[in-house]
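Dock chain B against chain F, hints included.
Taken in order, these protein sequences are the chains called F and B.
Sequence positions in the first sequence follow this note's numbering and run 1 to 519.
Sequence positions in the second sequence follow this note's numbering and run 1 to 107.
In short, the hints are calculated from the structure, not lab data.
Predicted model, so just to flag it, every value in this text is computed and none were measured.
All residues carry an ideal CB built from backbone N, CA and C; glycine is no exception.
It cannot be assumed that every hint is accurate.
[Claimed, not checked] Here are some, though not all, of the chain F residues that point toward chain B, as calculated from beta-carbon distances under 10 angstroms:
| # | residue |
| --- | --- |
| 1 | 132 |
| 2 | 133 |
| 3 | 136 |
| 4 | 137 |
| 5 | 140 |
| 6 | 151 |
| 7 | 166 |
| 8 | 170 |
| 9 | 179 |
| 10 | 181 |
| 11 | 183 |
| 12 | 189 |
| 13 | 192 |
| 14 | 199 |
| 15 | 204 |
| 16 | 245 |
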Amino acid sequence: MNHALSANDLYLLAPELSITLLALAVMMVDLFVKRRAVTVMVALLGLIVPAAFAITQALTLDFSVAHHAFFNMLVVDQYAIFLQILFLIIAAVMILASYDYVGKYVKADGEFYTLLLFSVTGMMLMASTGELISIYISLELTSIPLYVMAGLIRANERSAEAAVKYVLLGAMSSAILLYGFALLYGLTGTTDLMGIAMLIKNGIHTGNVIVPLQNNIMELVAGILILAGFGFKISAVPFHMWAPDIYEGAPTPATAFFSVGSKAAGFAALIRVFIDGGLGQVNLLPLVIGFSIVAILTMTLGNFVAAVQANVKRMMAYSSIAQAGYILVGVTASLASHESAGNSAVLFFIFVYVLTNLGAFSGIIALANATGGERIEDFRGLAKRAPLLSLGTALCLLSLGGIPPMAGFISKILIFTAAWGQGQALISSGQVVVGQSLNVLVVVALINSIISLVYYGRLVKVMYFDAPLKDDHLSTSIGLSSSIALMTAALIVITFAAQLVLAVTSPAANSLLAFLLGR
Amino acid sequence: MGLSLNHYLVLGAVLFCIGLYGALAKRNAVAVLMGIEIMLNAVNITMVAFSFYNKVAPYSTYLTGQIFAIFIITVAAAEAAVALAMIIAIYRRRSTVDVGEIDIMKW
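Chain B on its own, in the form it takes in the complex:
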């Protein structure tokens, strides 16, 4: 039995949930960022798999999903750069990257 679209989709969904759990449950800001990166990579796998198995009439010859994945990778790099800069900025002020302790403002 070879690999089918479903295998890739399940992998994508599982990775997405792992990433979401990491982003919500981790207390270290860098680990939260890593969780978000896993979520984005889950999306990339899903996109590329959908693109490869695309059977819808005029679009099946296009590489839209792969192009989308490349754009996501690029933008994620930019986002990670900004996020890491912010984390360094707060580390200099507070000497911590624990999101539980970054809580001056609360309602």
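Next comes chain F alone, as it looks inside the complex:
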């Protein structure tokens, strides 16, 4: 084994290295130049460097062979690069959208951007690590800045309360995740996901005996503990209790960041561990049933409770819980049968969800800033007071609800057809119960996406058809309006050119399965 650090290893790590340096640079700039505009400009322009490295990697690396560095701790495949670029987009939009809010409410603006960049570093690493220790470290690197961001408005009791709840529940969930990792490590003797997948497939060699892992309780318990640990990060029911409180209490830009960044990163690592770690190769049925129960509860509770909320931020919290349920349907499908269709649909869904949720949240930040209220009644008749802003927000909300022909509709259709098709294929190949639970999942998801129209539609209806509270014209800042405009434009482009994104997601999904299928 080659232990030397080569230049190629550093090249593979370049996006993460450069964003870490950027975070340090932003901290220094904030220390010496006390002007928010300069800090933001450095952070925003600096993001070009990691993005350029990631894009260069995507264009120059030969993906027919696997790229590993640092003893398999770093895995650079199309899946990792796709998600890294997504996280960089999130960072850029968040920096744009939070400019005014941070100046107005958060008195520590340099810290906000530094924490954001450190957290994005962790997210990028979560997408590109193939080893349990580094997954844990990058999970904590993602989470600890998020805990602090939740409590950044120190004068506000709600913000402090959100931070305490977040840090205590977050620490507990990482302990549960770690116990799952410990059992998995004890079972296979290694923390390398490729090694774990190999051992689960072939059984364990102890001395001269090979012990198969079929019907092994420990493997199952490890899988369920890991699902519970990640379930917290992706706010899946029954581990969702933190989400509404923290979404309501935290500064709104931080909330937007939790709802897309933390969730996408949680899914990135969850998919990596379960698919790349090959946990579904044995004990598939109980795992699929566990995933299905979590997915059904997540979708149903998220949608029903979202429909009765009066606070827009809480409504968006439950909406993002429900969206996690739809993603779990796709993850269950790709866990059940190693087809790339389910995974590709999941990546497409995450991409569309991130863009539309960022757009909707930017709109809500802008409208709430302008009206000074976060309740649904405060949004009455906003279409007359801020027509363009309301249009962008409404389009993003309708796409989240899955109205045809928006991108959100396409992403839901892709996930549901992939899950249904794989369910049918499994039934005809003899795995009837697994296939049937996939089909049940799809039916529940379809019913749920109809229910979700109630609350997305209500907000749009309140904005467009109710009488305005005042007869004035609201204006918003350049940062927020440009982030909403960008997200709405992206949404419209994806709606008409879904093939462009699918052309990227399907090799990304394939690259994840390459090792398992022996390619």
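For chain B alone, kept in the frame of chain F given last:
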């Protein structure tokens, strides 16, 4: 009869359950944090025991479990620092660290 892997695993599991109970049932935020620390230490014991008794062919000479435990200890310290800072911040506002009373937001 000497100590075997099972003894360590049972100790780890029992500690983990004690910690989980503490984290869920205690009303004092600092006590909740202590419960979480017990859970993490249970994981450390399990990791180190698994590493010591590792018999799987190429990995039995590695110290992965011990290294993992060291990382967990380090990260737990960072997490505890952040959590205690948050608890102090809320104590200044509300003069309480009782998680039952920290309930402005409820659904």
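Practice task
Any hints from earlier that this structure breaks? Give me their numbers in increasing order, please.
Solution key: none
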